[in-house]
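**Student:** Chain by chain, the residues run as shown.
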Amino acid sequence: MKKNAFAALTLFLATMSGQQGNIVPAPTSPVTGNAVNGKALYYTYGCYACHGYNGETGARAFVGHCGHLATEQAFVTFLRGRANVAPVVPSTSMPNFGEASLPDKKAKDIYAYIRTFKSSAPDLKDIPTLNAIVESAKQDKK
Amino acid sequence: MGKTPKTSVGRRGFLKNAAGAAAGAAALVTTTPLLEAQTQGSARTAEPAGSVPAPTDTQLEREAGNVRPPVAVRTITRPGSDLMVQTVRDLGIEFAVANPGSSFEGLQESFINYGHPPNVMPEWITALHEESAVTMAHGYAKAEGKPMLAVLHGTIGIQHAAMSIYQAYYDRVPVVMIAGNDPDFIPAHTAHDMAGMVRSFTKWDAEPKTLDETLVAIQRAYNEAITPPMAPTLVVISSEIQKDNAPNARIPAYQPPQFSTIDATRAREIAKALVEAQNPRIAVGRLRTPEGVKRAIELAELVGACTSTTATVGPMSFPQRHPLCGPGADTNYDYTLGLEAGGAQASITGPGLAKIAAPRDTTNIGFAGILTPGRAFGGGREKSATPIEADAEASLPLIIAEVNRQLTGDQKARIQERAAKHARANHEAHVAAVQQAVESKKAGWNGTPVSTARIYAELWPLIMHEDWCLASPSNFSGGHNVQLWDHNKPYSYLGGQGAGGMGYGAPASVGAALAAKARNRFVVNVQTDGDLNYAPGVLWTAAHHKLPMLTVMHNNRAWHQEYMFVEYMAGVRGRGADRAEIGSTLRDPFIDYAKMAATYGMAGEGPIHDPAKLSAALQRGVASVKRGEPYMIDVITQPR
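Going down the list, the sequences are from chains A and B. Using this note's numbering, read the first sequence as starting at 1 and increasing by one per residue. Using this note's numbering, read the second sequence as starting at 1 and increasing by one per residue.
The reader is advised that the hints may include incorrect statements.
[Said to hold, decoys possible] A few chain B residues that face chain A, going by a derived Cβ cut-off under 10 angstroms, partial list only:
#1 H116
#2 F185
#3 R321
#4 I415
#5 Q416
#6 Q435
#7 A457
#8 M464
#9 V482
#10 N556
#11 A558
#12 A570
#13 R575
#14 A580
#15 K613
#16 A616
[As the list claims (entries may be wrong)] Taking lysine-lysine pairs in the DSSO-like style, the calculated list, with each CA pair at most 30 angstroms apart, reads:
#17 B:K613 x A:K125
#18 B:K421 x A:K39
#19 B:K383 x A:K138
#20 A:K138 x B:K626
#21 B:K626 x A:K118
#22 B:K489 x B:K412
#23 B:K546 x A:K138
#24 A:K138 x B:K613
#25 B:K294 x A:K138
[What the hints assert, rightly or not] Looking from chain A toward chain B, a few residues come up when the C-beta cut is under 7 angstroms (computed):
#26 V31
#27 Q73
#28 Q139
Hints listed in this document are in silico derivations from the structure and should not be mistaken for laboratory results. Even glycine gets a Cβ: it sits at the ideal position worked out from N, Cα and C.
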């Protein structure tokens with residue numbers, strides 16, 4: 001594994017713990033891609049399948065957990081450094097996106113689109129349904 | 001029963017000898033008096049035209065009231081199929097489901113016309129596909145813990161049903177099936193050994209040669225289906241036996257099956273261990289029936305044991321929110337008993353499919369999952385010092401009796417105190433878990449398309465006070481019910497497909513809704529789009545029979561797991577990562593499920609993209625179902 005790929009993976013693994021609830025601040029590094037193009041590519045390349053249409057849902061949400069997206073370059077490096085051996089069984093893990101399949105320019109456009117994601121979730125106190133569920137749980141049941 | 005040549009018109013024998021259809025029709029009635037009259041009348045036509053013929057002797061006798069007029073009396077006054085229906089009725093089978101077929105019209109006619117009132121217990125349910133029919137029976141059995149009947153057309157109907165039979169088998173679910181066989185009608189719909197094509201994944205089958213054998217076979221098929229390992233069974237019944245007259249046949253006395261239990265010594269040992277333990281635990285897997293769940297609760301309360309449950313994985317387990325369900329106040333357990341689950345010290349688990357599969361797999365197909373012990377759902381995975389092959393449910397009364405015998409007053413007081421501590425700890429853990437869960441479920445709350453978590457969250461307050469059943473698998477739609485809903489009934493959640501076969505959610509929900517209708521329950525079907533498209537005609541069955549079923553589409557417009565598999569594979573091979581949608585998505589055109597529902601006569605609405613519109617739609621859906629009309633809401637969702 002190349003050194004930069006290893007670094008990206010290390011960063012990724014470190015930030016994945018954020019999926020359990022640790023919120024990672026949104027990156028502020030420069031963006032050079034085109035977010036409009038990126039929106040179409042995010043769909044075409046199936047990113048939404050695991051990360052949700054808005055980066056908020058699915059197995060690996062971006063919003064609040066995007067430490068591995070700290071910089072455009074980290075993102076591109078991360079895409080290139082995923083598994084590159086045939087899996088024994090079908091996998092829903094993050095695929096590898098080689099340059100031949102997803103050129104840097106397109107990857108940066110996707111990155112630009114991902115950076116537009118924001119949480120659509122209100123504060124918990126403003127969601128009566130979820131509050132009702134908590135209140136119900138507090139009642140003793142058998 | 002031997003055939004009585006004077007009264008029975010064997011269809012096969014008849015067709016061999018009959019000159020044609022007209023002769024066949026004549027042969028089905030008692031015609032002698034009429035023929036005599038015609039012969040005599042004919043003789044009299046030799047009288048001169050215009051004269052009045054003298055009355056015949058027969059006419060004179062009739063005038064005098066000495067003979068009854070000739071009437072064409074059908075000899076088939078008590079068809080064998082009536083007795084088959086009575087046998088099914090006596091077994092307590094509530095429903096028979098079928099897609100019509102010419103190999104069992106004799107049986108169908110009996111199901112819909114025999115008895116007072118007819119078509120009740122069992123009620124004939126119309127399926128639009130045999131796969132759906134068997135999956136309905138699959139869902140029903142998981143909800144009720146007992147089988148219903150699926151009737152299949154000869155050969156082709158069995159083949160249509162094959163996947164769902166395999167799935168029910170893999171899921172260890174009892175389904176009783178009858179297949180018709182009519183060798184004289186359409187050669188393509190018969191076979192020398194019709195059950196052979198599904199023998200590798202049925203528990204037992206028979207093709208009886210007489211009515212007496214048939215009635216016994218139906219009873220045995222029922223017993224085999226409900227005895228561990230529970231599985232589908234099949235009786236192939238010829239149309240001749242269905243239609244033959246059976247004036248003197250009797251239904252044999254039914255003998256319930258024997259369930260294997262632990263012996264008295266083992267019951268004493270287990271009871272002693274539970275009573276003397278300072279902190280016992282009972283791991284509860286999937287029991288057979290609601291009665292087993294009741295007994296498990298009784299035992300846990302009796303000994304003050306913490307329990308684990310599989311109620312969020314499938315049916316017939318310990319109530320999730322029972323005060324004793326959870327890790328409790330102290331997780332240092334000194335004795336764990338497993339009931340159809342692993343248990344460190346003892347595990348009572350019924351025989352697995354591997355026990356019965358090999359002798360049935362005569363062609364050595366070798367279905368790997370079936371033949372691997374412990375792989376089937378509910379099997380004990382945890383190592384146990386004392387694995388005991390016996391039926392846990394049938395063994396529970398023995399253990400309970402022993403515990404009651406051994407418990408002293410002091411022990412009872414200690415147990416009560418322990419149970420109270422566990423209850424407090426479990427309640428606190430539950431509230432904390434829900435608080436943590438809602439924090440994660442709010443992600444994407446107002447996003448478009450709708451998050452799957454929001455579907456489950458919005459549904460819960462609307463159904464929590466109903467007697468509800470989530471009949472569809474939730475694993476593909478996030479499994480949010482596990483953290484948000486309370487699975488307290490044996491049928492709260494019916495779990496996965498069994499063998500991962502698609503085309504399951506809707507028909508299994510219809511089966512659960514059949515069970516629910518008479519019991520005033522409410523069935524929820526969170527329906528994945530790919531799964532519905534295998535046999536959507538089942539929506540018509542729900543509408544036709546007015547079943548209490550709310551369907552909420554998890555419409556992500558793809559077979560999403562497969563989409564991700566292909567995406568991954570493209571990455572491995574470094575090419576075409578933008579083409580993974582080919583063959584694994586449902587786009588261009590999108591499918592309109594509300595229109596699909598309307599086509600099948602089911603009320604509904606959608607597609608809903610805006611999450612703000614979801615709650616009101618769900619309220620309309622719940623109201624419709626409570627009025628007796630199934631309802632579908634098409635929700636465009638996030639992928640997972």
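**Student:** Is the shortest C-beta separation between M464 (chain B) and chain A less than 10 angstroms?
**Tutor:** holds (6 angstroms)
**Student:** What's the verdict on K383 (chain B) and K138 (chain A), does the C-alpha distance respect the 30 angstroms limit or exceed it?
**Tutor:** violated (35 angstroms)
**Student:** Taken at face value, is the distance from the CA of K138 (chain A) to the CA of K294 (chain B) at most 30 angstroms?
**Tutor:** With Cα atoms ~25 angstroms apart, K294 (chain B) and K138 (chain A) stay inside 30 angstroms; holds.
**Student:** Let's test the interface hint: is any C-beta of chain A closer than 10 angstroms to that of A580 (chain B)?
**Tutor:** holds (5 angstroms)
**Student:** Interface hint check: Q416 (chain B), Cβ to nearest Cβ on chain A, cutoff 10 angstroms. Holds or violated?
**Tutor:** violated (16 angstroms)
**Student:** Would you mind confirming whether the straight-line C-alpha gap from K138 (chain A) to K626 (chain B) stays at or under 30 angstroms?
**Tutor:** holds (27 angstroms)
**Student:** Would the pair K489 (chain B) and K412 (chain B) pass a check requiring their Cα atoms to be no farther apart than 30 angstroms?
**Tutor:** Measuring from Cα to Cα gives roughly 27 angstroms; hence the hint holds.
**Student:** If you take the shortest Cβ to Cβ gap from V482 (chain B) to chain A, is it below 10 angstroms?
**Tutor:** Cβ of V482 (chain B) sits 13 angstroms from chain A, so the hint is violated.
**Student:** A570 (chain B) was flagged as interface toward chain A. Is the shortest Cβ-Cβ separation under 10 angstroms?
**Tutor:** For A570 (chain B), the interface hint holds, since the closest Cβ of chain A sits about 7 angstroms away, which is under 10 angstroms.
**Student:** For the hint on A616 (chain B), just tell me whether its beta-carbon gets within less than 10 angstroms of chain A.
**Tutor:** This hint is violated: A616 (chain B) lies away from chain A, its Cβ roughly 12 angstroms from the closest one there, beyond 10 angstroms.
**Student:** Regarding the hint that A558 (chain B) lies at the interface with chain A, is the smallest CB-CB distance below 10 angstroms?
**Tutor:** holds (8 angstroms)
**Student:** Let's test the interface hint: is any C-beta of chain A closer than 10 angstroms to that of I415 (chain B)?
**Tutor:** violated (17 angstroms)
Figure legend: structure checked against the earlier numbered hints; hints not met, in rising order: 1, 2, 4, 5, 9, 15, 16, 18, 19, 21, 23, 26, 27 and 28.
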